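If you want the building blocks of each chain, they are given just below.
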Amino acid sequence: MNGGVLNVALPKGRLGEKVYSLFESAGFGAPDMEKNSRKLIFGGGENGLRFFWVKPSDVAIYVERGAADVGVAGRDILLEYEPDVYELLDLKTGVCRVAVAAKKGFRDDKRRTLKVATKFARIAQEYYNAQGREIDIIKLNGSIELAPILGLSDVIVDIVETGTTLKENDLEVVAEVAPVSARLIANKANYGFKRELINDICRSLAERSVRE
Amino acid sequence: MFIPDSVLHNDERAVFALRALYGGYGYTQYKMNKFEEYDLYAGNKSFLVSEDVITFTDRGGRLMALKPDVTLSIVRSAPAAFSGVRRVFYDENVYRVPKGGSSFKEIKQLGIECIGDTDSYCVSEVITLAAKSLALISPEYRLEVSNLDLLSAATELAGLSPRGAALAAERISKKDPGGLREVCFAEGLRGQNCEPLFLLAGACGEPAEVIKTLCGAFRGEKAARALDETERVLSGVPARGVALDFSVVGDTNYYNGMVFKGYVNGIPSALISGGRYDNLMARMGKNARAAGFAVYIDLLGELPEPAADFDFDVLLIASDVETTAKAAEKLNSGGESVFVTRDANCGIRARRTVRAEEII
Numbered sequence: 226m227n228g229g230v231l232n233v234a235l236p237k238g239r240l241g242e243k244v245y246s247l248f249e250s251a252g253f254g255a256p257d258m259e260k261n262s263r264k265l266i267f268g269g270g271e272n273g274l275r276f277f278w279v280k281p282s283d284v285a286i287y288v289e290r291g292a293a294d295v296g297v298a299g300r301d302i303l304l305e306y307e308p309d310v311y312e313l314l315d316l317k318t319g320v321c322r323v324a325v326a327a328k329k330g331f332r333d334d335k336r337r338t339l340k341v342a343t344k345f346a347r348i349a350q351e352y353y354n355a356q357g358r359e360i361d362i363i364k365l366n367g368s369i370e371l372a373p374i375l376g377l378s379d380v381i382v383d384i385v386e387t388g389t390t391l392k393e394n395d396l397e398v399v400a401e402v403a404p405v406s407a408r409l410i411a412n413k414a415n416y417g418f419k420r421e422l423i424n425d426i427c428r429s430l431a432e433r434s435v436r437e
Numbered sequence: 010m011f012i013p014d015s016v017l018h019n020d021e022r023a024v025f026a027l028r029a030l031y032g033g034y035g036y037t038q039y040k041m042n043k044f045e046e047y048d049l050y051a052g053n054k055s056f057l058v059s060e061d062v063i064t065f066t067d068r069g070g071r072l073m074a075l076k077p078d079v080t081l082s083i084v085r086s087a088p089a090a091f092s093g094v095r096r097v098f099y100d101e102n103v104y105r106v107p108k109g110g111s112s113f114k115e116i117k118q119l120g121i122e123c124i125g126d127t128d129s130y131c132v133s134e135v136i137t138l139a140a141k142s143l144a145l146i147s148p149e150y151r152l153e154v155s156n157l158d159l160l161s162a163a164t165e166l167a168g169l170s171p172r173g174a175a176l177a178a179e180r181i182s183k184k185d186p187g188g189l190r191e192v193c194f195a196e197g198l199r200g201q202n203c204e205p206l207f208l209l210a211g212a213c214g215e216p217a218e219v220i221k222t223l224c225g226a227f228r229g230e231k232a233a234r235a236l237d238e239t240e241r242v243l244s245g246v247p248a249r250g251v252a253l254d255f256s257v258v259g260d261t262n263y264y265n266g267m268v269f270k271g272y273v274n275g276i277p278s279a280l281i282s283g284g285r286y287d288n289l290m291a292r293m294g295k296n297a298r299a300a301g302f303a304v305y306i307d308l309l310g311e312l313p314e315p316a317a318d319f320d321f322d323v324l325l326i327a328s329d330v331e332t333t334a335k336a337a338e339k340l341n342s343g344g345e346s347v348f349v350t351r352d353a354n355c356g357i358r359a360r361r362t363v364r365a366e367e368i369i
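As they're listed, the protein sequences go chains A and B.
Sequential numbering of the first sequence, starting at 226, is according to our numbering.
Sequential numbering of the second sequence, starting at 10, is according to our numbering.
You may find that some hints are simply not true.
No farther apart than 25 Å at their CA atoms in a straight line, the calculated lysine-lysine pairs in the PhoX-like style are these [said to hold, decoys possible]: (1) A:Lys364 <-> A:Lys280; (2) B:Lys108 <-> A:Lys364; (3) B:Lys54 <-> B:Lys43; (4) B:Lys108 <-> A:Lys344; (5) A:Lys392 <-> A:Lys340; (6) B:Lys108 <-> A:Lys280; (7) A:Lys280 <-> A:Lys243; (8) A:Lys392 <-> A:Lys329; (9) A:Lys392 <-> A:Lys328.
Think of the hints as simulated: they come from the structure by calculation, not from any bench.
Only a predicted model underlies this, so the values are computations on that prediction, with no experimental measurement involved.
Make a model of the complete structure from these sequences and hints.
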């Protein structure tokens, strides 16, 4: 599983591309990396890094199960799935927040169970548990903003970056739940056997993420 | 009885080797012959690897549990107070939901427990046996050792609340220095008193070097005692593959002092987990100290086994009963494995195919 190569799981999409350029500028890129390619694996050559592109919510699974030694995952994923991994570095990119949003003018009627639509069931449950508020979670996988508009839920708990999507759908943030950014994570077992290389990468990325 | 090594899988080979290792250090086998009442586990759920427990009602109407753990039974069966040291090992199947899994599994688990007047030597012996267990399984191993009393001294020095201390321990277990700073800042703590805690979060490496670094940063009697105990215990542990790493934490309702996790290259999670658990002993009304560890044998399935090119040596095409039986016996006593069939195309891969008549 490990060999001499360091396996890096990156999230597909804009965040992954941004993080990959951090690796590249730190001297840890893959010479055969092709943009806009359908290939999923790159590198594994001289500097010993092999990159995989995986679905953002799967990065933590690849790392926790040791298929990847390190990876980059949003803090929202780490809070939701609580994988048993090291969270070595805040890359200070992909900055956004998990927030509660509702239709403009929404007032919470505490006599009723609050209907919450979200793909972050654990984060939502823990947030409302801490407030002693009884809720009914409606687990959705996409287009969460539709739920309060169509009366499926009272509020949503979702990622908010600029707030434009909310505004365009006549919704607004009513509470902040947690700040989110991309984190460099590592498998706990593999870290011990590849500590020097992982720490080198971590230091280089830290310098670059501060500069950005 | 002679058992050829080739018939053993990684997990079976490891079980025999580990039992011999523990026996060689005076550990006798503890057999868990009966089931425990569910209450034993319900009251100590966070001590268990998984909180899910299979329950059933016995003939007397009592709610029982299909063993999710062995240590709690060993502790329960120990006298309330005794002098001397009781050393046991166990080799049992337990039933629980593996982390990230959705259904119960029967899991093979080995472990040792050292209970009674468990002094620094005993803890050192337990850690040594953990390191030796890993070495028996793979030459590429790493035993990460920590001291919860030192972590507790650091959070007290920093002035963290009990909740803040728990959050700090969680961030240290994640090797997340940024998150640790946020925990301290959230409680208004920014001064020099937090420095030992930050130092501990990053401390990882060869024990003597790490202890030297920490000695200069900590003050107070509790920290001095913990550092002294760490040094004393590790002086009896072989240095190879052993590191001090304070990201190893444990639930302080049960564990105290030295705790550890063991890894081998190729298995993506801890193969060994253990430590000193005087607090569990006290919770269960025992006036004694204890240390031990569990080896999660099921994880050995992650290690590669040599791939077999053939299922058996000989595919023996049957004739009449007597000839076939004699042919099978002859091949088998010559050291070859035999699969008897009437159909040469039965899907079995063999080195060679022969008819029974050709052998006799």
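Going through the hints against the structure:
1. The hinted pair formed by Lys364 (chain A) and Lys280 (chain A) meets the criterion: a straight-line CA distance of about 19 Å does not exceed 25 Å.
2. Between Lys108 (chain B) and Lys364 (chain A) the CA atoms are separated by roughly 22 Å; this keeps the pair inside 25 Å, and the hint holds.
3. Between Lys54 (chain B) and Lys43 (chain B), the direct Cα distance comes to roughly 20 Å. Compliance with the 25 Å bound is thereby established for this hinted pair.
4. Between Lys108 (chain B) and Lys344 (chain A) the CA atoms are separated by roughly 21 Å; this keeps the pair inside 25 Å, and the hint holds.
5. Annotation: proposed proximity of Lys392 (chain A) to Lys340 (chain A) holds, straight-line Cα distance about 21 Å (limit 25 Å).
6. Restraint check for Lys108 (chain B) and Lys280 (chain A): the C-alpha separation of about 21 Å stays at or below 25 Å, so the hint holds.
7. At most 25 Å may separate the alpha-carbon atoms for a hinted pair to count; Lys280 (chain A) and Lys243 (chain A) meet this at roughly 15 Å.
8. Restraint check: the Cα-Cα separation between Lys392 (chain A) and Lys329 (chain A) comes to about 9 Å, which is no more than 25 Å; the hinted pair holds.
9. For the hint pairing Lys392 (chain A) with Lys328 (chain A), the CA-to-CA distance comes to about 10 Å; that is within 25 Å, so the pair holds.
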